[in-house]
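Make the full structure from the sequences, and use the hints.
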Amino acid sequence: MIYSMTGYGKSVLQLPTKKITIELKSLNSKSLDLNARMPSIYREKELSIRKLLADKLVRGKVDFSIYVEATAEDTSTQINTPVVKQYMAQLKQVVDGNEIELLKMAVKFPDALNTVREEIDENEWETIAAEINTAVADLNSYRLNEGKVLEQDFINRVNSIDSILEQVIAMDPERVEGVRERLHKGVLELKEKYDENRFEQELVYYIEKFDITEEKVRLKNHLNYFIESINSEESNGKKLGFISQEMGREINTIGSKSNFAPMQQLVVQMKDELEKIKEQLLNVL
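Under the numbering used here, the first residue of the sequence shown carries the number 1, and numbering increases by one thereafter.
In short, the hints are calculated from the structure, not lab data.
Positions of the beta carbon are idealized from the N, C-alpha and C atoms, including for glycine.
One should not assume that every hint holds.
Pair by pair, the computed Cβ-Cβ distance ranges are [what the hints assert, rightly or not]:
(1) L27 / Q152: 18 to 24 Å
(2) S163 / K257: 17 to 23 Å
(3) K257 / S48: 54 to 60 Å
Cut-off 27 Å, straight-line C-alpha distance, at most; resulting in silico cross-link-like pairs (BS3-like, lysine-lysine) [what the hints assert, rightly or not]:
(4) K239 / K30
(5) K51 / K19
(6) K209 / K239
(7) K257 / K278
This is the structure:
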């Protein structure tokens, strides 16, 4: 089971005087990169929010937002009446105008409005915290669904590499025989006498240098281990990345040892499939 790092979660909470919307968006990242936006009243809870998100989301570039929309007459801004009256009295000494016009000018001056700092209501915050958990669960559900798509793609590509590897294994005897024939032909063209036994010994030594049996076995094991890791309970993109590196190492060695054009073409196909796996692994949690 794997999770994608791409996800979206949302939860909406309706309180008596306000509507609160919680949004979470995540993209791929090597570590947790969290950007939090919220009204100043909730800033004192930011550290606990970050800890919660780090525990439940693990990795990714995460945007967390709390939006508050007032739905009733509930404001923390109040008119500073004495100051406004003083401004109006001063304005009367400067210009002639009715009370409404003077009031419009007075409320634009400094300190005409007072903003009373709201104190967080702990009972209200408990309700909001529960909604944050709901949004996190929604995002993780999204990540799981995306992960299932990635998982199927990985399985298809690993099976493709395995199928190509079987073609390489079937072709290997032909490759070895081709090497043997080329060497025989080269020696015959020299038109010189040679020791058959010594030639066979050198031929065996030469062919052993280009033997790919170990690489084929190791690549097969890496392919099986990759599928086992996908099916494990834990989503571990880094582990899958390490396995893909080992797969690449064996494929490259097979290519460098093959010395046989048809086999090298198959190696190119395996490399292409593996490169697509590596690209997708960047988005696995």
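Hints, one by one, checked against the model:
no.	hint	result
1	L27 / Q152: 18 to 24 Å	holds, 21 Å
2	S163 / K257: 17 to 23 Å	holds, 21 Å
3	K257 / S48: 54 to 60 Å	holds, 57 Å
4	K239 / K30	holds, 13 Å
5	K51 / K19	holds, 25 Å
6	K209 / K239	violated, 32 Å
7	K257 / K278	holds, 24 Å
Checked against the numbered hints above, the structure breaks only hint 6 and satisfies the rest.
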